[in-house]
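*Asks:* Knowing the structure of chain A, use the given hints to seat chain B on it.
Going line by line, the protein sequences match chains A and B. Numbered according to our numbering, the first sequence spans residues 1 to 227. Numbered according to our numbering, the second sequence spans residues 1001 to 1227.
One or more hints might be untrue.
Cut-off 20 Å, straight-line C-alpha distance, at most; resulting in silico cross-link-like pairs (EDC-like, lysine to aspartate or glutamate) [what the hints assert, rightly or not]:
{"no.": "1", "chain 1": "A", "residue 1": "K38", "chain 2": "B", "residue 2": "E1141"}
{"no.": "2", "chain 1": "A", "residue 1": "K210", "chain 2": "B", "residue 2": "D1163"}
{"no.": "3", "chain 1": "B", "residue 1": "K1109", "chain 2": "B", "residue 2": "E1098"}
{"no.": "4", "chain 1": "B", "residue 1": "K1210", "chain 2": "B", "residue 2": "E1104"}
{"no.": "5", "chain 1": "B", "residue 1": "K1041", "chain 2": "A", "residue 2": "D47"}
{"no.": "6", "chain 1": "A", "residue 1": "K206", "chain 2": "A", "residue 2": "D108"}
{"no.": "7", "chain 1": "A", "residue 1": "K206", "chain 2": "A", "residue 2": "E104"}
{"no.": "8", "chain 1": "B", "residue 1": "K1038", "chain 2": "A", "residue 2": "E141"}
{"no.": "9", "chain 1": "B", "residue 1": "K1166", "chain 2": "A", "residue 2": "E200"}
{"no.": "10", "chain 1": "A", "residue 1": "K206", "chain 2": "B", "residue 2": "D1163"}
{"no.": "11", "chain 1": "B", "residue 1": "K1210", "chain 2": "A", "residue 2": "D163"}
{"no.": "12", "chain 1": "B", "residue 1": "K1109", "chain 2": "B", "residue 2": "E1200"}
{"no.": "13", "chain 1": "A", "residue 1": "K210", "chain 2": "A", "residue 2": "D47"}
{"no.": "14", "chain 1": "A", "residue 1": "K41", "chain 2": "B", "residue 2": "D1047"}
Source of the hints: derived by calculation from the structure; they are not laboratory data.
Listed below are the residues making up each chain.
Number of protein chains: 2
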Amino acid sequence: MTKLSEIDFETALDRVESEPHSSAASILRCAETLFSTKGFKAVTTRDIAKASGKNISTIHFHWQSKQSLYEAVCRMHARQLLAFVSQTEAAIANSTLEPTQALEQWIDKTLDLLIENPAIAKLASQNISVQNNPEMVTLFEHDIQVLARFQGYLSTFLGPTDDHTKPLRLFTLLYFTIGMFTDSSLQQATLGGSIYEQPELQQQLKSFAKSFAMGLLQKESALTPNL
Amino acid sequence: MTKLSEIDFETALDRVESEPHSSAASILRCAETLFSTKGFKAVTTRDIAKASGKNISTIHFHWQSKQSLYEAVCRMHARQLLAFVSQTEAAIANSTLEPTQALEQWIDKTLDLLIENPAIAKLASQNISVQNNPEMVTLFEHDIQVLARFQGYLSTFLGPTDDHTKPLRLFTLLYFTIGMFTDSSLQQATLGGSIYEQPELQQQLKSFAKSFAMGLLQKESALTPNL
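The following block holds chain A by itself, in its conformation from the complex:
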């Protein structure tokens, strides 16, 4: 197996951000779509070559292997999420919002981020379900970093710090969010469509998620009567 640490991911991702029309960036975006819809193992480097219109050798030149390309996509998501928390946190801190309004706005923005980037929840879901897989070990470190950052912000809204259900409440929120935005065929069949495609369903989920998260974090009712 290729060592995942051979690429300088941070430099490579900086370049992708500053040169979004480069070959490296276009390969990364195709890989992101394929991995998130088909799953890491089902995608071949050949599939990525075909989807991006590049040679396999170009893919290897920029991203070495399928494994490191997968890691690059996950690291890109980690960067997006960390930047998102910092920006949103700063914007809210500079506003005149009450704590409850601030939390509500934060949740709203998080849901929009996930709706606009379907690959985030889908890959997170894959990482959680096969995390014992040795190939996934390095990803686990970014997940911890992102989770800690989210926890740090959300913890300010939680009750007393000695409450031992605190991590369980945060994981409940995490699994709820990842699950719903994984948008599985089972969910689509039951809810009557994809939450990425049906605006009405999206609004229902957003409104439900907001009340649910507020309740879970603030230890009030998880479901307010107006749902």
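*Replies:* Chain B in isolation, oriented as in the chain A frame:
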């Protein structure tokens, strides 16, 4: 790809149940453990042969292919879950329990079932995260069947049928349960251990899950003050 419909799964699984020491049964149990810990794609027929101490040809004789072996494991879980709901429902119907007590007992028994069978949530988690994979299409039908059965029972505890959050509340419960019992390394690192191995953590989760599910189903507070 091998057609998944070539095996008469129901007959094969009846035989596994009546002959738990047969080769077919032992192969199935090894496959269950490997698939649930490493993920479908990372396991080879050779791995299953090694773990069960059988020849590859014996595996093919009993279960045809890795794909049909995976389907057999998922079907076995679907059978276990369907049998569990029927038995528990009947036992509760024949008791003198109040609706709230009945629901609490049902949740308690469900959590015990999942704790005793770690592969159930782990495979469900894999199926949800890669459900668009064509190999997984037939599994989807058992999942729908199991979900419908669980929903049927739980719906009796839910509020008015015209409440459009009903499916969202049930999926919240599903994702919470599958997520926690997938017991990812991320969760283990944050909660301080595996919920399958740490009795204290297990008790905390059970108590949290009970209050959470009661709140979500009965539309009361998802987290009671005694948590």
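*Asks:* Next pair to validate is K210 of chain A with D1163 of chain B; report whether the Cα-Cα distance is within 20 Å.
*Replies:* Holds, because 17 Å separates the two Cα atoms, which is no more than 20 Å.
*Asks:* Holds or violated: are the alpha carbons of K206 of chain A and E104 of chain A at most 20 Å from each other?
*Replies:* At roughly 11 Å apart (the allowed maximum being 20 Å), E104 of chain A and K206 of chain A satisfy the hint.
*Asks:* Between the alpha carbons of K1041 of chain B and D47 of chain A, is the straight-line distance 20 Å or under?
*Replies:* With Cα atoms ~17 Å apart, K1041 of chain B and D47 of chain A stay inside 20 Å; holds.
*Asks:* What's the verdict on K210 of chain A and D47 of chain A, does the C-alpha distance respect the 20 Å limit or exceed it?
*Replies:* Distance of about 38 Å is beyond 20 Å: violated.
*Asks:* So if I understand the rule, the pair passes when the alpha-carbon distance is 20 Å or less; does K1109 of chain B with E1200 of chain B pass?
*Replies:* Satisfied, since the Cα-Cα distance of roughly 18 Å is no more than 20 Å.
*Asks:* Hinted pair, alpha-carbon criterion (20 Å max): K1210 of chain B, D163 of chain A. Please report holds or violated.
*Replies:* Answer holds: K1210 of chain B to D163 of chain A is near 17 Å, not above 20 Å.
*Asks:* Hint check: K206 of chain A vs D1163 of chain B, CA-CA at most 20 Å. Holds or violated?
*Replies:* 16 Å, holds
*Asks:* Given the hint that K1210 of chain B pairs with E1104 of chain B, does the C-alpha gap stay at or below 20 Å?
*Replies:* 7 Å, holds
*Asks:* Measure nothing beyond the straight line between the CA atoms of K1038 of chain B and E141 of chain A; if it is 20 Å or shorter, mark the hint as holding.
*Replies:* 19 Å, holds
*Asks:* Has the given pair, K206 of chain A with D108 of chain A, been kept, meaning a C-alpha gap of at most 20 Å?
*Replies:* Holds, because 7 Å separates the two Cα atoms, which is no more than 20 Å.
*Asks:* Quickly compare the C-alpha distance for K1109 of chain B and E1098 of chain B to 20 Å and report which way the hint goes.
*Replies:* The hint holds at about 16 Å.
*Asks:* Are the Cα positions of K38 of chain A and E1141 of chain B separated by 20 Å at most?
*Replies:* 19 Å, holds
Hint violations for this structure: number 13 only, all remaining hints satisfied.
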